[in-house]
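So the protein lines, in turn, are chains V and Y. According to my numbering, the first sequence is numbered sequentially starting from 1. According to my numbering, the second sequence is numbered sequentially starting from 1.
It cannot be assumed that every hint is accurate.
To be verified - With a straight-line cut-off of 25 Å between C-alpha atoms, the simulated DSS-like cross-links for lysine-lysine are: (1) Lys120(Y) x Lys65(Y); (2) Lys65(Y) x Lys151(V); (3) Lys192(Y) x Lys150(V); (4) Lys43(V) x Lys120(Y); (5) Lys150(V) x Lys43(V); (6) Lys32(Y) x Lys157(V); (7) Lys32(Y) x Lys43(V); (8) Lys192(Y) x Lys120(Y); (9) Lys43(V) x Lys157(V); (10) Lys27(V) x Lys65(Y); (11) Lys151(V) x Lys192(Y); (12) Lys150(V) x Lys65(Y).
These are computed hints drawn from the structure, not numbers from a lab.
As a plain string of letters, each chain reads:
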Amino acid sequence: MNVIAEISRWAIPLLLLFIPVVAYLRKVPVYESFVAGAEDGFKTGVRILPFLIGMLVSIGVFVDSGALNIVSHWLQPLFELLGLDPNFAAIIPLAIMRPLSGSGALGVATQLINQHGPDSFIGRLASTLQGSTDTTFFVLTVYFGSVGIKKYRYALKLGLLADLVGLIVSVWIVSKTFY
Amino acid sequence: MVNLIWLLMLAIGIIVSALNGHIETVTVSAMKAAELGVEVAIELIGVMSLWLGLMRLAEEAGFVKGIARLFGPAVRRLFPSLRPDSPALGAIIMNLSANILGLGNAATPFGLKAMQELQKENQTPDVASPAMITFLALNTSCITLIPATIIGVRLKANSANPTEIIGTTIVATGCAMSVAIIVDYLIRHRRKK
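Turn these sequences into a full structure, and let the hints guide you.
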């Protein structure tokens, strides 16, 4: 565990040292090549801007309106139908939020952890869920948008399926490990 | 599907705000979100430029190809449509490594770079290629070994053992990733026939 944390801490400084030094030894004009590569950063940033704004506006209006709580409330009977503890339903807002927005999901997770306690079932479940999947919807729109892809084919369904599996396994593994 | 979800979120948000009698929320959050989009993009330009500059050095020094060759056998099996020495493989591996180490702001530039490389080999420029879909499935379900942010939140909330969720997180994300890879593989094979 500590080893991995150390690797994470050192990874960037070592890359910043190692790559330019070896490139220099291999006769690459390091500064000029760096600048030439960096130029693409600006272009890419500008290209993804409209996709970022489009997504953030729609997600922002949805979340700030309080619709998240209402949709979660609708989904609550589904939990009971599946024979799950109705207390688990507290996780629904996070499950909906997770694929949409990273910062939004972190906000919901933080609130759940503080409200139910970090070592409660919901607290542990929220922590696991937050760490285990990424913002599928958001990543897809921005990544595809950046290269001009309009037809996603089965990409979104596949990503959301993975999120659903992550949710189900999270509930299962947290119950199994801690209770 | 994206168009519908986008519209639904926006429309439901507006209707709920109207029913709750605070329609002005819509105006405020729409404007704020648009500004946030610019902030995120501008911040991203800085890190993107840094990493893409470094990436160019790595490419010219022959690293990216080397990495692609090293991890090639495993990764290539997931991307059978790519050439074995495709520059996309290097960027994909860098993106996944950054994800695993939890270096979020390094992962995005490599990811976008990978998409650009994949797009070069895509024969239908406005339709997602199978390789892109595989890459995004991996990317969005990828294992982070240390979920640092959430451990920080738990620490602040006075958890008795903030890191106890690392194991459960790895199991959950591992299962999600395996299912994504398997289902993606099955879809690709069914479509080929």
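Hint check:
no.: 1; hint: Lys120(Y) x Lys65(Y); in the structure: holds (17 Å)
no.: 2; hint: Lys65(Y) x Lys151(V); in the structure: violated (30 Å)
no.: 3; hint: Lys192(Y) x Lys150(V); in the structure: holds (22 Å)
no.: 4; hint: Lys43(V) x Lys120(Y); in the structure: holds (17 Å)
no.: 5; hint: Lys150(V) x Lys43(V); in the structure: holds (19 Å)
no.: 6; hint: Lys32(Y) x Lys157(V); in the structure: violated (30 Å)
no.: 7; hint: Lys32(Y) x Lys43(V); in the structure: holds (24 Å)
no.: 8; hint: Lys192(Y) x Lys120(Y); in the structure: holds (22 Å)
no.: 9; hint: Lys43(V) x Lys157(V); in the structure: violated (30 Å)
no.: 10; hint: Lys27(V) x Lys65(Y); in the structure: holds (17 Å)
no.: 11; hint: Lys151(V) x Lys192(Y); in the structure: holds (19 Å)
no.: 12; hint: Lys150(V) x Lys65(Y); in the structure: violated (30 Å)
Hint compliance for this structure: hints 2, 6, 9, 12 are broken, all remaining hints hold.
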